[in-house]
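Asker: From these two lone chains plus the hints, build me the complex, please.
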Amino acid sequence: MSYLYGGKILRVNLSRREARFVPTDRYASKYIGGRGTNARILYESVDVDTDPLGLENVVCFGTGPLSGTTFPGCSRTDVMCKSPVTNLIGNASVGGDWSAELKYAGWDHVVLEGKAEHPVYVDIHNDAVQIRDARALWGLTTYEAHEAIRNELGPDVKIIGIGPAGERMVTFATIHSNIGNSASRTGVGAVMGSKNVKAIAVRGTQGVGIADPKAFLEASLRAHNTIRASKYYEEFHTIGLTLYEKACILSGLEGGGDGHANVPPSFDERFDYYSMFEKHCYKRTGCTGCPVHCMEAYHVGGLGSTVMSCELYPQLSYEIRNADPYFHYWLVMTCQKMGIDSVSTATIFQWLMELWELGIIDSTITGGINLEWGNKDGVKELFLRIIGSDGIGAVVAKGMKETADYIDARVPLDRRYDKSSYWWAMQVNNNPMYGVNPRMHGMALAYAVGRRSDCIQDLDMVEVDIANFPVYPEMSEDEKKRLTDEEKALAERVSGKIGAGDLDGYQGKAEMTHDQGITTGLPDMMGTCKWHTKWLFMDIEPENYAEALSAGTGREVGVQELITASLRLRNVERVLECKMGRRRENDTIPEKEFGRPVARGFWKGKIGTDRKEFERMKDEYYALRGWDAKTGIPTVETLLQYGLDDMVEDLPGRGGFGERRPVSEGDDAKLPDLDGKKERDGGSRETKTATR
Amino acid sequence: MVGDPFTRDDGNGMKLTDSASAGTSGRAPSVLHVDAEKCTGCRNCEIACSLANRSECNPVRARVYVVRNQKDGHISTVPVVCRQCRDALCMKMCPAKALRRDTTTAAVIVDADRCLGCRTCVEVCPFGAPAVDYRTGKADKCDLCNGDPTCVKFCSQGALSFVSAEDESFQRKRAMVSGYVEYLAGDAAVGI
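These protein sequence lines are chains A and B, in that order. Per the numbering used here, the first sequence runs over residues 46 to 737. Per the numbering used here, the second sequence runs over residues -16 to 175.
No lab work stands behind these hints: they were computed from the structure. Since the model is a prediction, treat every value here as computed from it, not as a measurement. Where hints are given, some of them may not hold.
Some chain A residues flagged as far from chain B (calculated, every beta-carbon gap over 10 Å) [claimed, not checked]:
1) R195
2) L288
3) V440
4) E588
Computed footprint of chain A on chain B, listed as stretches where at least three residues anywhere in the stretch have a Cβ under 8 Å from a Cβ of chain A [what the hints assert, rightly or not]:
5) 16 to 25
6) 28 to 41
7) 124 to 137
Even for Gly, the Cβ is constructed at its ideal location relative to N, Cα and C.
Only chain B is shown next, with the shape it has when bound in the complex (with noise of 0.2 Å):
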C-alpha cells in the first residue's frame, strides 16, 4: 500500500521534502491517547470539537462524547472518541469504501462525496465512534484535526493528549510507577 502510515520502513511513499508530514519527523504517527482516570467530564472537548469541525457548538455533533455515569452521587467519566484502528471494520465494511486511511495523520476519514449515509460504519464499529450526522446525512468521524487536534487543545487535565504512537505505552508505564523513586528513597509518605 503506497503510502501506508504503518510501514514506513520502505520510504517509498514518502516525500522527504514535506517537512510537516509524519514520514520526515521520524516518529510514527501520533495517536489520541484517553486517559479515563483524569477526566472531570467537563466535555470541552465536545465542543471545542464541534465548533472546529462543524462551525457551530454543538456537543450532539462532536466526534467525542463523554460518558458519564452517575450512581448514588458517586461519578465516572469517561471520553470516548475513534482509536483509528488499523484494521478498522468501518473501513472494511463500508459498501461505498468512502473511508480511507490518511497517509499523513494515519487516521481514518470520510470522503463525504462518496458516503451512501447507510450507517454501516455506525453498526460495525464496536466503540460507537464514527456516526452519521443527523443535519448532513454522511457519515462522520474523528480525523485528528488532520494531525492538530482541537479536542487535546481543550483538555486542561491531560485526559487527551496527542502522543506518538511508538511511546504512547511507556508513558502510561512511566505515570503508573511514577511514585517510586519517592517511595524508595523514604521521602514522601505515598500510599501504595
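Next comes chain A alone, as it looks inside the complex (with noise of 0.2 Å):
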C-alpha cells in the first residue's frame, strides 16, 4: 500500500450484485485523488448520450490523498456522475465523517454502477463489501436511515444516504451525510436514487499510513495554526456566517431575482440570523478534522433539531420573502430530513412566486396553492408536493425547464409579456442560481464558466467582501475602510491588473476567477475543505499541500506540480462538458441579468454587468485557461501542455464529440459550424427561448 492513499477504488455493480476493485496508482500520479480522480473516471464512464438517470450513469464518491490525516479540514468527499439537472457534470462535495471512515477501511473511491433490483445500501466495512437490503429503510427520512444503519451495524459506521427526495428522483436531491451537511447541487442525490441506493455505510480500522509521521504531524500543525490565525477564524468559529450573511443582505448581493427589486427596505433589517443564534444553537459543530467547525446545531422546542450554516441562511427566508426564521428553520429542517437542497428549492421558489406576483401564473397552474410572496401555507404545501413529487409538485421536482415548458403549454404568450416562463427563472444551463447577485461582475463570470454553472466554485470572494464591508454588522467605519483596503490591495496583487479590486471595473475579474479556480482545485483534490483555503479567507496555500504531501508520500512534491495539476483537472472536466455539449454560448448567466444594477441594498442602482464586457471577460478567461475562444472547448495545445494525449482524439476536429460532424482531420477552423446544433442541453433551450 502506498504512503497517504488506501490503493483501491471499489466498484460496485448493482445490476450484477458484484463488486471488484482497481488499483488507485492508475489514476493518482496524475489525478491526485478526489475530484480530480472522480473527473478521469467519469470520463471513462460516461458517453455522451447516457441518461443521467438511468443505468449507464455512474456515481463516482472520492476521497484524496489527506483525507483522514491529521491535515485540517480532512474529510471531504467529492461526489461526481452525470448530472439530471444540467445534463452535464453533476458534481457536489460533502464534509462530514465519511471520507475519512472510507479511507481508513483502505479505499479510495467507491464508484456505483448498474442498478439495484430492490432499494439497497452498500455496508463497506474495511476489505469486506455488502449490498444489504434497505427495503425496510425507503421512505425514511435521512435522520431515520442513519440511525436504522447504525441500529444495524453499530454506533461508529459513517453513512451517507439519501431522503425521501432522492428516492422519488426529485432532481435537486442530495446525498445527506451523518454530521449535517450534503452533496447538494446538481442532482447527485436523484441519481442515487435512480440506482436504488439508500446509504452508504464505512467503517474502517486499517488506517492511513505516513512515510515521515514527524514530519507530517508537523506540517498538520502549522496548517492548523494558519487557520487559527486567519482574519475570520475567530468569527466564523463562535458564531459562524450569521453576521457575514446578514451582510450579504444589506450590500444587496444576496437576492439574485428581479421581484427583489420590490423589497421593502424594512424588510431587509428583519433578517436577524445572528439572535436566532443566540437563541437556539446549543452547540458548534463540525466535520471530521476540522478546526473552523462552521456549522450551528440548532434545537427549537416543538420543531426539532439540525444543522445550519452559510448559505442556508438566506436562501429559504430572505430569497423567499419569508420574514418567520422558525418556518425558515422548519424548511431547513425538512430539507435536511427529506434530503433536498435548499439552495435550488429556494429558487426555483423564488422563480415562481415572482411569476405568481407577474400574473404568469395562477391557483390554475398550480393546482390551487397561493404562491404570493411571503405566503408559509403556499410554500409549505409545494414544498410538501415537491418532496411527495406530487400533483405539481412531480412537475417542479423535474427541474425548471421541465416546469417552464408546463406553463408555457398552458399559459398564452401574451400574458408572459411574449416571452417564455423560463426568461424569469434564475439559472445556469438549468441549474438554479445560488440567491448572490450575477450582477456582479466577476460573479457573473464565475457563475458562467463554473463546472456545474453555479458560481461557488471560482467565485472570486474578494469581491463579495468588497461589497459586503460597508455594510458589515457590529464594525467600526475605520475598520470597514482599512479592510476594504486592504481587499483591494489583494485583488490587484492576485490579478496583477490596477484597479481589481473595483466593483464598477471589468479589469483583473477574469485571472481573479482563474486563480480561485486553481484554489479550490486543490482541495478538492486533496480531499480536505476549501473553506480553508483564501476561497473564504483562510489562509491555507498550495505549500501547505505540498508540505504535507511530501512528508506524508515521502516523495518530493513541488507546489508546482499540484497547481498543474489543478489546471489539468478543470481540462479534463471541460472536454467531458463540451463532449457532453457545453459551448461558449451555455457559459452564460440569465439573458434578463445583463445591464441590471443591484436591485436594492447598500449597491441599489449600481453595478450590473455588462454583455459587451462579459464576453470580453470570458475572452480573457479562455485565453487564461488554454480554450479556444470561439468554441469554449480546450484546445489540442492545451491537453498536450498538460499530458491529456489520449483525450485530444476526443476534440472536434480529431474525429471526436460524436458523429455527427463530417470535420476533415486537423480542421479546427470547421469547429463554429457545429455551435447551433447542440443537441440536449442548452443549445435547444436557447433556440426555443428565441423563438418564443
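Answerer: Okay, structure coming up:
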C-alpha cells in the first residue's frame, strides 16, 4: 500500500451484485485523487447520450490523499456523476466523517454502477463489501435511515445517504452525511436514488500510512495554526456566518431575483440570523478534522433539531421573502430530513413567486396553491408536494426547464409578456442559481464558467468582501475602510491588474476567477475543505499541501506540480462537458441579468453586468485556461501541455464529440459550424427561448 | 513512594537541576482537562493521537475517543480519555505489574515489555480508557505524550486542555460565572 492512499478504488455493480477493485495508482500520479480522479473515472465511464437517471450513469465518491489524516479539514468527499439537472457534469462535495472513514477502510473511491433490483444499501467494512436490503429503509428520512443503519451495524459506522426526495428522483435531491451537511447541487441524490441505493455505510480500522509521521504531524500543526490565525477564523468558529450573511443581505448581494427590486427596505432589517443563533444554537459542530467548525447545531422546542451554516441562512428566508425565522428553520430542517437542496428549492420558489406576482401563473397552474410572496401555507404545500412528487410538485421536481415548459403550454403568450416563463428563471444551464447576485462582474463570470454551472467553485470571494464590508454589522467605519482597502490591494496582487478590486470595473476579474479555480481545485483533489483556503479568507496555501504530501508520501511534491494538476483537472472536466454539449454560448448568465444594476441594498442602482464586457471577460478567461475563444473547447495544445494526450482524439476536428459532423482531420477552423446544433442541453433551450 | 508526583512536599525524590520536571515548576503536574460542552466532534484529537503515538492516522488506535450520539438530528459529542486516576484500578489490578506512575507527568504508563495483553486493565477501568491494541496485542493508554499532549495542540475549541491540577476546578468555576460582572454592570443583555 502506498502512503496516504488506500490503494484501491471500489467499483460496485448493482445490477450484477458484484464488486471489484481497481488500483488507485492508475489515476493518482496524474489526477491526485478526489475530484481529479473522479473526473477521469467519469470521463471513462459515461458517454454523450448517457441518461443521467439511467443504468449507464455512474456515481463516483472520492476521497483524496489527505483524507483521514491530521491535515485540517480532512474529510471531504467529492461526488461526481452525470447530472440530471444540467445534463453536464454533476458534482458536489460533502463533508462529515465519511471520507476519512472510507480511507481507514482502505478505499480511495467508490463507484456505483448499474441499478439494484430493489432498494439496497452498501455496507463496507474494511475489505468486506456487502449489498444489503434497504426495503425497510425506503421512505425513511435521512435522520431515521442513518439511525436505523447505526442500530444495525454499530454506532461507529459512518453513513452518507439519500432521503425520500432522492428516492423519488427529485432532480435537486441531495446525499446527506451523518454530520448534517450534504452533497447538494446538480442532483447527485437523484442519481443515487435512480440506482436504488439508499446509503453507503462504512467502517474502517486500517488507518492511513504516513511516510514521515513526525514531519507530517508538524506540517499539519502548522496548517492548523495558520487557519487559527486567519482573519475570519475567530468569527467563523464562534458565531459562524450569521453576521456575514446578514451583510450579504444589507449590501444587496443576496437576492438574485427580479422581484427583489420591490422588497421594502425594512424587510432587509428583519433578517437577524444572529438572534436566532443566540436563542437556539446549543452547540457548534463540524466535520472530522476541521478546526473551523462552521456549522451551528440548533434545537427548537416543538420543531426539532438541525444543523445550519452559510447559504442555508438567506436562501429559504430572504429569497422567498419569508420573514418568519421559525418557518425558515422548519424548511431547512425538512430539506435535511428529506434530502433536498435548499438552495435550488429557494431559487425555484423565488422564480415561481415572481411569476405569480407578474400574473403569469395562478392557482389553475399551481393546483390551487397560492404563491404570493411570503405566503407560508403556499410554500409549505408546494414544498411537500415536490418532496412527494405529487401533482404540480412532480413537475417542479423535474427542474426549472420542465416547469417552464409546463407553464408555457398552459399560459398564452400574451400573458407571458411574449416570453417564455423560463426567461425569469435564475438558472445557468438549468441549474438554479445561488441567491448571490450575478450583477457583480467576477461573480457573473464565475457563474458562467463554473464546472457545474454555479458560481461557488470559481467564485472570487474578494469581490464579495469588498461589496460586503461597507455594511458589515458591528464593525467601525475605520475598520470597514481598512479592510476594504486591504481586500482591494489583495485583488490587485492576485490578478496583477490595477483596479481589480473595483466593483464597477471589469479588469482583473478573469485573472481572479482563474486563480480561484486553481485554488479550489486543490482541496477538492486532496479530499480537504476549500473553506480553509483563500476561497473563504483562510490562509491555507498550495505550499501547505505540498509540504504535507511530501512528508506523507515520502516523495518531494512541488507547488508547481499541484497547480498543474489543478489546471489539468479543469481541462479533463471541460473536455467532458464539451463532449456533453457545452459550448461558449452555454457559459452565460440569464438573459435578463445583463445591464441590470443591483436592485436594492447598499449597492442599489450600482454595479450591473454589461454583456459586451462580459463576453470580453470570457475571452480573457478562456485565454488563461487555454480554451478556444470561439467554442470554449480546450485546444489541442492545452491538452498536450497537461499530458492529456489520450483525450486529444476526443476533440472535434480530431474525430471526437460524436458522429454528427464530418470534419476533416486537424481542421479546427470548422468548429463554429457545430455550435448551433447542440443536441441536448443549452443549445436547444436557447433556440426555443429565442423563438418564443 | 520515591518520586511520587502527588506528594511533592518531602522533596526527596526530586532533582532540582532538572528544569523540565514538575518539581522545579513549583506546580503540581498538569492534568488533561475535558470540557465536553466545547467539543464539536471533529476528532482531530483522535487522529493526531494516533499519528503521534502510532505513526499512522488511525482513530481506532488512538488513546482518546470522541463518543458521538445522535438522536433525531440532535448531537452530543464527548471526548473520553484516561483520567490518570490517583487510585488507578488498572495499575492495582495488573497481574504483571506492567502499569506504573510516571514520576514527572503523573501519568499511568504501560511497560509493554511486561504487559501480557491479558485485558484486565480494559475490564476494570470504569471509563474504558486503556485498550489492548489490536495490532501489537499489548495494553495501550494515554501517557500524556510525556507531558506535552498532542491532542491538546490540535483541539482548536479548547475542549481538551492541559492545565495545572492546582487550579483545574478554578478555571471551570471562572468560566461558569464569567458573565456575571457584565450582567451586574448592566451593559450586556446576558440571558441567565
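Asker: Each hint needs a verdict: does it hold in this structure or not?
Answerer: Evaluated hints:
no.: 1; hint: R195; in the structure: 8 Å, violated
no.: 2; hint: L288; in the structure: 17 Å, holds
no.: 3; hint: V440; in the structure: 30 Å, holds
no.: 4; hint: E588; in the structure: 20 Å, holds
no.: 5; hint: 16 to 25; in the structure: holds (count 4)
no.: 6; hint: 28 to 41; in the structure: holds (count 10)
no.: 7; hint: 124 to 137; in the structure: holds (count 3)
Hint violations for this structure: number 1 only, all remaining hints satisfied.
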